[in-house]
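*Asks:* Generate coordinates for the entire structure from the input sequences, incorporating the hints supplied.
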Amino acid sequence: MDARRKALLFRKLTPYLLLLPTAAYMLFFIGYPIAETVRLAFTDPDTGALGLYNYLTLAQDFHFWEALRYTFLLAGVVIPIQVALALGVSVLLMRRFRGSGAVLYTFLIPLTISDVAAALIWYNILTGSGFLNRFLLNLGLISRPIQFFGYQYRDMEFLAIVTTEVWRATAIVFVIVFAGFQMIGKDYLEAADVFGATQWEKFRYIIFPLVKPSLQTALIIRTLFAMQVFAVVWILAGRDIPVLAGETYYWQVELKNPNVAAAYALIIAAISITLGFLYLKLFKPEYLEG
Amino acid sequence: MGEHVESYKAYKGEALKRIMVYALAVIIVAWIAVPLGLIFISAFAQPADYYNIHKLFPTHFTLDNVYTFLVVLGAWKSTLNSIIVAALTILISFAIGLPAGYSLSRYVFKGKDAFKLSIIGLRMFPVIVLAIPLVVIYLRIGLADTLIGVALAHTAMSLPFVVLITSSLFAGIPVDYEEAGMVFGLTGWEAFLRITMPLALPGLSAAAIFVFIMSWNEVFIASILTLVNRTLPADILVSALNAPDPYKFAAGFIMVLPAMIFVFFARKYLVQVWGISIK
Amino acid sequence: MVGVRLENLVKRFGKVTAVDHINLEIRDGEFVVLLGPSGCGKTTTLRLIAGLELPDEGRVLFGDRDVTYLPPRERNISMVFQSYAVWPHMTVYENIAFPMRIRKVPEDEIKRKVRWAAQLLQIEDLLDRYPHQLSGGQRQRVAVARAIVVEPDVLLMDEPLSNLDALLRVVMRSELKKLQRRLNVTTIYVTHDQVEAMVMADRVAVMRSGRIQQVGTPQEVYDKPANVFVAGFIGSPRMNLFPASVVERDGAILLDAGGLEVKLPADMAEALRRAGPPGEVIAGIRPEDIHPTDRVPPGVEPYEVEGKVDFVEPLGSDTIVHVETSGPVILMKVPGSFPVRMGDEIRVVLNLRKLHVFEKSSEKAIF
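Protein chains in written order, with the numbering used here: chain A, 110 to 399; chain B, 247 to 525; chain C, 126 to 492.
By construction, these hints were calculated from the structure, which means they are not laboratory data. Don't be surprised by glycine CBs; every beta carbon is placed ideally from N, CA and C. Heads up, some of the hints might be wrong.
Under the rule of at most 20 Å between Cα atoms (straight-line distance), these lysine to aspartate or glutamate pairs were calculated in the EDC-like manner [to be verified]: (1) 115/A to 178/C; (2) 356/B to 181/C; (3) 479/C to 386/C; (4) 229/C to 260/B; (5) 433/C to 395/C.
Label pairs and their calculated CB-CB ranges [what the hints assert, rightly or not]: (6) 114/A to 240/C: 38 to 46 Å; (7) 358/B to 228/C: 47 to 55 Å; (8) 156/A to 310/B: 52 to 60 Å; (9) 112/A to 249/C: 39 to 47 Å; (10) 358/B to 231/C: 41 to 49 Å; (11) 297/A to 491/C: 43 to 51 Å; (12) 141/C to 268/B: 36 to 44 Å; (13) 163/C to 206/A: 42 to 50 Å; (14) 436/C to 448/B: 54 to 62 Å; (15) 507/B to 120/A: 43 to 51 Å; (16) 240/C to 120/A: 37 to 45 Å.
*Replies:* Following this line, the structure appears as structure tokens:
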């Protein structure tokens with residue numbers, strides 16, 4: 110092959126060759142397991158026949174319906190709180206004040222904390238001999254420790270989980286929202302000041318519309334993650350509060366039934382894809398065009 | 247006289263706002279820092295002090311909890327496993343993903359947009375869904391309950407991130423530098439190695455730290471894929487939960503510490519990773 | 126040190142043909158400027174010569190060597206980039222030394238040549254600094270020093286002055302030209318600034334939409350533009366260009382420019398007659414070739430026009446006067462001392478010797 114053809118061919122192929130390992134890897138590690146999940150989910154573990162057997166098992170297990178309910182309920186309670194907090198802290202940090210850098214860094218620390226650690230951190234605080242109870246007891250505000258854990262205190266367990274999730278995962282929403290805030294040109298706000306806008310008006314007419322894309326992005330990412338909530342619930346409440354990922358784990362590891370586990374996994378995937386679609390339909394995510 | 251009152255009111259209004267801002271700042275920092283501080287305290291508190299609920303704060307501290315957790319309960323093994331898995335994940339995901347990131351940053355080619363879109367889409371894929379079939383697949387190919395098996399799964403999880411972050415890093419290094427290198431005697435590969443890489447290294451280190459943390463923290467896949475060779479979070483999930491409280495907290499402390507330290511060092515790169523700048 | 130020949134170069138990007146059959150011969154030691162507006166293909170042509178792009182058709186030859194598909198490092202070239210591309214993680218010394226390091230030049234020779242180049246560019250005391258500590262102008266000098274330090278066959282420069290402030294640009298223009306004269310290296314220089322081209326070039330290649338419009342010395346493209354585009358691009362202020370018709374009246378050829386009926390000298394009239402039947406044309410005359418009636422220099426073939434001053438642009442040493450005539454509005458360049466005010470009635474003289482006429486459809490020059 111002469112120099113010309115060789116040089117041209119190399120130039121043309123190089124970008125594709127560089128992509129190849131990634132493309133191949135993702136194809137194998139996503140494509141193949143998805144196919145396998147589908148196969149497992151629709152295979153009867155006893156007979157090996159294809160069918161809806163596993164989904165029947167699911168439907169007849171009240172844990173499944175509880176898991177469905179709790180997963181969505183948790184998301185529905187936690188996410189609005191996180192959005193409000195993220196917006197609030199963003200607005201606060203937009204004012205440059207001494208130490209705002211430290212506040213920012215501190216608020217981002219939970220991004221690096223695993224859900225296992227977060228659960229243990231709040232267990233430490235909320236448990237019978239935990240700091241909250243000590244605090245209240247020693248100040249004489251209560252006479253007996255408040256129980257957050259245990260099957261009969263399921264509502265308190267839920268509260269503990271909500272608190273932990275808010276503590277742990279607000280940073281995920283915040284990080285995306287705040288990046289959106291930072292992209293607002295200073296001039297827009299200064300112009301608003303010149304034309305006499307109040308703080309609320311500035312927020313409502315300038316800041317909020319400009320951060321809406323970031324907010325939407327943060328919402329979908331957070332919601333998708335919320336569908337997979339696992340360790341926090343498992344550590345703080347076990348199966349008292351079933352969630353979809355928890356049930357997946359239980360059927361796989363403790364009941365040693367990969368088929369039903371796969372059925373659960375498919376449901377989580379289906380929910381995620383549906384939410385993704387709805388999101389694309391409702392909002393036109395500009396960030397995908399970047 | 248009237249003017250003084252007006253400006254005094256404005257001054258007081260401003261001062262009040264300032265106080266509120268600082269008060270809120272303190273609350274926010276406390277909200278995050280206090281729970282962290284508390285688990286540090288509990289991890290090192292003498293169990294006697296911990297179980298005595300009439301004591302507001304433990305006053306006697308010990309390294310025993312951490313020691314017992316690591317040595318007697320054997321958690322040093324799972325800690326080591328976590329480190330190995332994270333290191334392998336970094337190695338593999340960068341080896342595979344960095345070239346792709348470079349390709350996206352430098353070249354224009356047919357299919358580029360489609361590829362980029364699919365990478366972005368994959369980031370939002372529920373990776374835990376992979377864990378179930380991987381058990382079955384790994385059994386078939388002999389990777390069941392191995393660290394490399396977990397690392398490969400973690401790589402799948404972090405590959406989109408690595409591709410996107412390296413792409414953005416390389417895009418920030420002007421292609422002129424490489425072209426000048428090629429004009430003055432380097433091959434394309436040498437120009438990349440000797441000119442672009444040194445300039446990208448700080449950002450790449452930060453990205454590596456984030457990949458480390460993602461792998462270190464990951465619990466669902468690790469718990470499902472391992473039995474004996476567990477990573478730390480998997481170990482905690484399965485055994486530490488049955489242990490007495492002080493060991494739980496020692497476990498929490500060990501989980502939290504490396505992540506916090508690393509990210510402190512990488513905090514300048516939160517811009518590249520998340521698009522925010524810390525002044 | 127070699128001559129460069131471009132044979133039928135073509136480069137396409139998708140549907141756009143950036144370089145459209147370029148043919149150019151550059152002599153050994155010559156300073157050739159590729160001049161044109163942005164998007165005309167001059168930078169792409171330069172990159173093809175450098176080897177940073179590969180052509181779709183055509184050849185690039187350095188002397189006898191066909192370098193068309195050779196990578197840049199095998200062409201023995203140097204290049205000054207528009208952004209300078211001075212590597213930020215190396216000192217100035219390291220940057221300049223780099224081309225020699227690659228060629229495994231011995232260390233003491235490197236030291237000598239780096240000092241030599243730094244002296245030429247007056248940056249000897251900056252050798253230990255890092256690029257971020259330098260101003261734009263200083264970084265530019267580093268880029269030039271790096272480019273001359275190994276003797277390349279061809280020196281390429283891609284708008285090296287466009288990021289400098291105006292004053293520095295004027296200074297560097299003559300410095301670069303003097304440098305090139307001294308080193309006698311074949312140089313290909315890309316710019317959109319026609320003043321730069323006129324000052325620095327041995328020959329100018331005016332480009333537009335991927336094609337070369339005209340190649341010639343600065344004086345040639347100024348005096349004899351080959352088409353309307355070159356006529357309008359070269360010269361500041363711009364040549365007056367206006368539509369006109371060639372008419373035949375009483376056996377004589379006249380140029381009718383909307384109210385102005387110009388009787389042309391015999392040779393010009395003959396050229397027009399030979400060029401074809403009477404019809405529409407484009408006429409042009411430079412502002413510097415129009416004079417007030419009382420300031421007409423010798424050797425002018427006069428055609429007098431009366432008009433009114435529509436606008437005055439005082440530039441200090443010169444003044445541009447916009448004159449409204451019964452035909453087109455024409456710009457006239459006069460010395461700054463010439464007394465003129467908006468609204469003045471004025472009589473001016475066009476130097477017919479310097480009149481240009483272009484075919485309307487092809488825009489090519491008749492004379």
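*Asks:* Against each hint, give a clear statement of whether it holds in the structure.
*Replies:* The hints, checked one at a time:
Using a Cα cut-off of 20 Å, the hinted pair residue 115/A and residue 178/C holds, with the two alpha carbons roughly 14 Å apart. A C-alpha spacing of about 18 Å is found between residue 356/B and residue 181/C, which places the hinted pair at or below 20 Å, so the restraint holds. With a CA separation close to 17 Å, the supplied pair residue 479/C and residue 386/C stays within the 20 Å bound. Simply put, residue 229/C and residue 260/B have alpha-carbon atoms about 67 Å apart, too far for the 20 Å limit, and the pair is violated.
Straight-line distance between C-alpha atoms of residue 433/C and residue 395/C comes to about 33 Å, which puts the hinted pair past the 20 Å bound. As the Cβ distance of residue 114/A to residue 240/C is approximately 45 Å, the hint placing it in 38 to 46 Å holds. The given range of 47 to 55 Å is broken by residue 358/B and residue 228/C, whose C-beta atoms sit roughly 36 Å from each other. Range check, residue 156/A to residue 310/B: Cβ separation about 54 Å, and the 52 to 60 Å hint holds.
Between residue 112/A and residue 249/C the CB atoms are about 42 Å apart, so this pair conforms to the stated range of 39 to 47 Å. Remark: the range hint 41 to 49 Å for residue 358/B to residue 231/C is upheld by a beta-carbon distance near 45 Å. For residue 297/A and residue 491/C, the Cβ-Cβ distance of about 57 Å falls outside the hinted range of 43 to 51 Å, so the restraint is violated. Under the hint 36 to 44 Å, the C-beta atoms of residue 141/C and residue 268/B, about 58 Å apart, miss the expected range.
Between residue 163/C and residue 206/A the Cβ separation comes to about 46 Å, which falls inside the hinted range of 42 to 50 Å. A beta carbon spacing of about 57 Å between residue 436/C and residue 448/B agrees with the range 54 to 62 Å that was offered as a hint. At roughly 45 Å, the beta carbons of residue 507/B and residue 120/A sit within the given window of 43 to 51 Å. For residue 240/C and residue 120/A, the hinted distance range of 37 to 45 Å is satisfied, since their beta carbons lie about 39 Å from each other.
Hint check: violations occur at hints 4, 5, 7, 11, 12; the rest are consistent with the structure.
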